[in-house]
Each structure stands twice: as structure tokens, then as C-alpha cells.
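J.: Given these sequences and hints, build the entire structure.
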Amino acid sequence: MNRSVGIARSSALRNRITFNSKRSLSQAPDDGKGDRLTNILMRAIDSRPRPRPKLSEEEAAKNYEIGRNYVIGRFKQHNEIHHDIACKIRLKEHAIRMMPRNTDEKLGYLRKEALEIDTSDEAYPPMWRSIPLDTPPIEDYNVSDYLQKDDD
1 MNRSVGIARS SALRNRITFN SKRSLSQAPD DGKGDRLTNI LMRAIDSRPR
51 PRPKLSEEEA AKNYEIGRNY VIGRFKQHNE IHHDIACKIR LKEHAIRMMP
101 RNTDEKLGYL RKEALEIDTS DEAYPPMWRS IPLDTPPIED YNVSDYLQKD
151 DD
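Per UniProt numbering, the sequence shown starts with residue 1, numbered consecutively.
What the hints contain is simulated information worked out from the structure, not anything from laboratory work. Note that the structure is a prediction, hence the values are computed from the model and not measured. Worth double-checking, as some hints may not be accurate.
No more than 20 angstroms apart at the CA atoms, straight line, and that leaves these computed lysine to aspartate or glutamate pairs for EDC-like [claimed, not checked]:
1. Lys-88 <-> Asp-104
2. Lys-92 <-> Glu-113
3. Lys-88 <-> Glu-116
4. Lys-112 <-> Glu-93
5. Lys-92 <-> Asp-118
6. Lys-76 <-> Glu-93
7. Lys-92 <-> Glu-80
8. Lys-106 <-> Glu-116
9. Lys-92 <-> Glu-65
Derived DEER-like restraints, expressed as beta-carbon distance ranges [said to hold, decoys possible]:
10. Leu-115 <-> Thr-135: 34 to 40 angstroms
11. Lys-88 <-> Glu-58: 41 to 47 angstroms
12. Arg-68 <-> Ile-138: 35 to 41 angstroms
13. Asp-134 <-> His-83: 35 to 41 angstroms
14. Asp-140 <-> Val-71: 48 to 54 angstroms
Yeah, the Cβ is synthetic: ideal placement off N, Cα and C, and Gly gets one too.
T.: The structure is reproduced here in C-alpha cells:
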């Protein structure tokens, strides 16, 4: 959104919300709290953004290179992930095509069973299974030391 449009909208909103002395008492709020709060909020909305610090040409070039390398790295990572997913989908579709057709009397049920999605509780990993994490486990850390025990 253009800043001038935002300022115009917020000032129009301020003119609509704040009360001046020309309006009648029937339009004034019941207590002065709402008007004060509205003014505080409107000042926060209308506040000017902090100016960016001026960078030297060396710092600007360094920041540009850092950002450029970051974007290139993320682009490569994105492409690797999507290539991996595409290969897995292609292999899955190939495996399904290699299965016996439904018209086969003895083995036709295999394709139907393979394409069904099992949503039973047994299909999911058990709740006690630990989740792989990005960090290694902490030595001498025992979860039971930090669990609250119910005293009945």
C-alpha cells in the first residue's frame, strides 16, 4: 500500500473518530476513555517509520552479496526438495502401473488395496515413538524429573 494512501485513510479515520468542540454533546462518548485511547492508537498508526541508516558503499555491496547468496542457496534448496518429491511421486506412479490390473482374477485386489488410504489408529506411528529433532539429545536429561505427578 502506498504510504500517502495509508496516511490519507488514517487521517480520514481520525477525523471520523475524534470529537471536536463543534459537535453536539449527544455525539460525544459516554466517558472520555474511548477518545483518549483512540487518539493514542491513531498516533501509533500515523507515526513515521524510522529512517534507514545510511550505509557506506562497501557495506551496501557486502549486504547485497549476502542477500544474493542467501537467495541462491534457498533457491537451490527449494529445487532439491521439489526434485526429490517429484521423483518419489514418479516412482510411486510407476509402481502402481506395474501392479496387476483389477481385471486379474487372482491378484487384482492388490491394486485396490494399495490405493486405499488407511485412516485407522494402527496406521499412524505410536504415540510413544520419539520425534526426530534437529538438535542432538542432551546428556543426563531425564524427562521424568520435570513431569508433574498426580498425588491421589
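J.: Could you tell me which of the numbered hints above are not met by this structure, giving the numbers in increasing order?
T.: 1, 6, 9, 13 and 14
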